[in-house]
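Engineer: The lines below spell out each chain.
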Amino acid sequence: MTKQIELSGVNKYYGAFHALKNIELSIAKGTFVALVGPSGCGKSTLLRSLAGLESISTGDMRIAGELMNNVPPRKRDIAMVFQSYALYPHMTVEQNLTYSLRIRGIGKAEARKAAQEVAATTGLSQLLGRYPRELSGGQRQRVAMSRAIIRHPKAFLFDEPLSNLDAALRVHMRKEIRTLHDRLGATSVYVTHDQIEAMTMADHVVVMKDGVIEQQGAPLELYDRPANKFVAGFIGSPAMNFVPATVGEDGRSLAVDVGEKQTIVLDRQLQPGRKVTAGLRPEHLHFVEPGQGVFRLPVGIVETTGSATYITTSTEAEVTIVETSRRAVKTGDVIDISVLPADVHVFDDKTGLRI
Amino acid sequence: MSDTNRNRLMLVIAIIMAAIYLFPLYWMYITALKSGSEMFATPPSFWPSEPQWGTYTFVWESRGMGRYLWNSLVIAFGSVTLITVLGVGCAYVLARYRNVWVDIGLFLILMLQVLPASLMITPIFVGFSQLGMLNYPRLAVIIAIAAKSMPFFVVLVRATFMAVPQELEEAALVDGNSRVGAFFNIVLPLARNGILVSAILIFMQAFGEFVYSKSIIQAVELQPASVGLNSFMGPNTNEWNRIMAYATIYVTPILAIFVLLQRRIVSGLTSGAIK
Numbered sequence: 025m026t027k028q029i030e031l032s033g034v035n036k037y038y039g040a041f042h043a044l045k046n047i048e049l050s051i052a053k054g055t056f057v058a059l060v061g062p063s064g065c066g067k068s069t070l071l072r073s074l075a076g077l078e079s080i081s082t083g084d085m086r087i088a089g090e091l092m093n094n095v096p097p098r099k100r101d102i103a104m105v106f107q108s109y110a111l112y113p114h115m116t117v118e119q120n121l122t123y124s125l126r127i128r129g130i131g132k133a134e135a136r137k138a139a140q141e142v143a144a145t146t147g148l149s150q151l152l153g154r155y156p157r158e159l160s161g162g163q164r165q166r167v168a169m170s171r172a173i174i175r176h177p178k179a180f181l182f183d184e185p186l187s188n189l190d191a192a193l194r195v196h197m198r199k200e201i202r203t204l205h206d207r208l209g210a211t212s213v214y215v216t217h218d219q220i221e222a223m224t225m226a227d228h229v230v231v232m233k234d235g236v237i238e239q240q241g242a243p244l245e246l247y248d249r250p251a252n253k254f255v256a257g258f259i260g261s262p263a264m265n266f267v268p269a270t271v272g273e274d275g276r277s278l279a280v281d282v283g284e285k286q287t288i289v290l291d292r293q294l295q296p297g298r299k300v301t302a303g304l305r306p307e308h309l310h311f312v313e314p315g316q317g318v319f320r321l322p323v324g325i326v327e328t329t330g331s332a333t334y335i336t337t338s339t340e341a342e343v344t345i346v347e348t349s350r351r352a353v354k355t356g357d358v359i360d361i362s363v364l365p366a367d368v369h370v371f372d373d374k375t376g377l378r379i
Numbered sequence: 466m467s468d469t470n471r472n473r474l475m476l477v478i479a480i481i482m483a484a485i486y487l488f489p490l491y492w493m494y495i496t497a498l499k500s501g502s503e504m505f506a507t508p509p510s511f512w513p514s515e516p517q518w519g520t521y522t523f524v525w526e527s528r529g530m531g532r533y534l535w536n537s538l539v540i541a542f543g544s545v546t547l548i549t550v551l552g553v554g555c556a557y558v559l560a561r562y563r564n565v566w567v568d569i570g571l572f573l574i575l576m577l578q579v580l581p582a583s584l585m586i587t588p589i590f591v592g593f594s595q596l597g598m599l600n601y602p603r604l605a606v607i608i609a610i611a612a613k614s615m616p617f618f619v620v621l622v623r624a625t626f627m628a629v630p631q632e633l634e635e636a637a638l639v640d641g642n643s644r645v646g647a648f649f650n651i652v653l654p655l656a657r658n659g660i661l662v663s664a665i666l667i668f669m670q671a672f673g674e675f676v677y678s679k680s681i682i683q684a685v686e687l688q689p690a691s692v693g694l695n696s697f698m699g700p701n702t703n704e705w706n707r708i709m710a711y712a713t714i715y716v717t718p719i720l721a722i723f724v725l726l727q728r729r730i731v732s733g734l735t736s737g738a739i740k
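Chains L and Z, in that order, give the protein sequences.
Read in this note's numbering, the first sequence has 115 at position 91, and its numbers run on one by one without any break.
Read in this note's numbering, the second sequence has 502 at position 37, and its numbers run on one by one without any break.
Quick caveat, the hints were computed from the structure, so don't treat them as lab data.
Among the hints, a few may not be true.
Which chain L residues face chain Z? A few, computed with CB under 8 Å, are given here [stated by the list, open to error]:
| no. | residue |
| --- | --- |
| 1 | Arg98 |
| 2 | Pro113 |
| 3 | Tyr123 |
| 4 | Ser124 |
Calculated lysine to aspartate or glutamate pairs in the DMTMM-like style (CA-CA distance at most 25 Å, straight line) [to be verified]:
| no. | chain 1 | residue 1 | chain 2 | residue 2 |
| --- | --- | --- | --- | --- |
| 5 | L | Lys178 | Z | Glu632 |
| 6 | L | Lys137 | L | Glu78 |
| 7 | L | Lys233 | L | Asp373 |
| 8 | L | Lys233 | L | Glu30 |
| 9 | L | Lys178 | L | Asp234 |
| 10 | L | Lys99 | Z | Glu686 |
Glycine is no exception: its CB is placed at the ideal position from the N, C-alpha and C atoms.
Please work from the sequences and hints to get the whole structure.
Structural biologist: Shown next, in the form of structure tokens:
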């Protein structure tokens, strides 16, 4: 498969600050990639470097096979959607859309036709004569998207494009962007701090922290086999429970330190007596009849959403359980919980790496 | 005291202050229309009994005001053009780059603003005379005014540029424009109002400039109206009505510009502060 974007050994320094550390990333043509991580993790810097708005300090950056290290943004043939949309306030929607075409010397009539075609697909046909200040947030977002797709660029870069929209519109635009990506057969890089956006939209998720790629892969791969504690805690909502644990004498069980020590069975062999951290996803913990579970936990807080009930225990290392059946539970109850051996994640206590 | 009463009191104070401030202007307008004897009457009259409109034409012709005002316009337009062309670029750079050197530069620019013209004129005069600039006195004055007013312009226009989001420029770069192109296509149109307002303020300053013109321009036919007004007055002057008529002709156009553009000027001055 042809590689549309390739980064190898990319580093970026701002003075003494090391913003990007040895980034290795290769993106096949037609892939939707999400860069996700907490703020300050370098995901926006990486995107801006791809756009050419920041220069990289060392390493190689290729777009469609061509070395782009010192190429100015206008010669990279990429399109970017900004968080603030960055629509030109003194131009109408049509002028905003055709700006890039007019710079390239495309004739007025042809540019107008292109604008009308794009506007028809994004539902902006009625708004071409308006100014950005006369549009709603969602419409502005659409103009920003249309401005990007009108030129058929080699890659689309999105910098948290949905963070200024309300929740309902965000969910809707998520699908719209993904549909657009599929229809255009585009290559997209999408920066977000919202792991749900990353999981639902992307083919390939890149989790970053402090300028380092912690793990990259298909969304479910990250969910099922997180490489370390950080990724495990970042992907999935509500977040994974982490509890201190010790591997048992036989090497096939864990003594878990919640409330009174309890034992859970493992599906693999570990070094007996080793101190580890057990990772348990809230949705993998199930209610069972009294006496049948591996845990007996006192209930602390019960939150109901309607579709699911979130139960937080009153143990020292708090454990959150998501239960979809409507079971009457209240604060102070003691409940029995079981977990499948395959659903138990184990991480090294010191390095945080998956075992 | 209730809020309404306090507001009324404030309004009264404001009106009194404005009246004190505007009284000289009022006095100028009515004195210009008084006859010689009414001018010196005690108690003074606050409204001319027989307006002498003829004073204006007499002063215009006898003092050659057309020429003076023309010189004032040449100097004012020259200074504004020079300051705008040079100052816009300077202000843009100072708005977009943030480091120690920019801070030092801004500090020096503000320092320049502090020095008074009457202090600067001696070194400027000596320097210009060495360079032979005194042979082109109006140009010399334009350059001197530009140097004096540039800091004010740069500081105002810098605030305007800072109000233009950098993302717009970046969007233009990604859209395929060069930095220069993005500046002219995107940044400049958005900063137009602020630049216009600053230019008008500079124009009004330069139109009334006195110290440099008086010192540098010796030839009467090249002097601006401010210097002409000064030469009108001597130690034994008693034709105050004519002097006031001169002042009226000189100052009314500037006042008119200010009143007409007042709203835009005020909003332009605060454009850096609010979005």
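Engineer: State for each hint whether it applies.
Structural biologist: Verification of the hints:
Hint status for Arg98 of chain L: holds, given a least beta-carbon distance of 4 Å to chain Z, under 8 Å. Because the smallest distance between the Cβ of Pro113 of chain L and any Cβ of chain Z comes to about 7 Å, under 8 Å, the interface hint for this residue holds. With 8 Å as the threshold, the beta carbon of Tyr123 of chain L comes within range of chain Z, its nearest partner Cβ sitting at about 6 Å, so the hint holds. At about 4 Å, the closest approach between the beta carbon of Ser124 of chain L and any beta carbon in chain Z falls short of 8 Å, and the interface hint on this residue holds.
About 21 Å separates the Cα atoms of Lys178 of chain L and Glu632 of chain Z, which keeps this hinted pair within 25 Å; it holds. The straight-line distance between the Cα atoms of Lys137 of chain L and Glu78 of chain L is roughly 34 Å, outside the 25 Å bound, and the hint therefore fails. At roughly 19 Å between alpha-carbon atoms, Lys233 of chain L and Asp373 of chain L fall within 25 Å of each other, so this suggested pair holds. A distance of roughly 20 Å separates the Cα atoms of Lys233 of chain L and Glu30 of chain L; the hinted pair therefore holds under the 25 Å criterion.
Our distance criterion of 25 Å between C-alpha atoms is broken by Lys178 of chain L and Asp234 of chain L, whose separation comes to about 28 Å. A hinted pair counts as satisfied when its Cα atoms are at most 25 Å apart, and Lys99 of chain L with Glu686 of chain Z does not qualify at roughly 57 Å.
Violated hints for the displayed structure, listed by number in ascending order: 6, 9 and 10.
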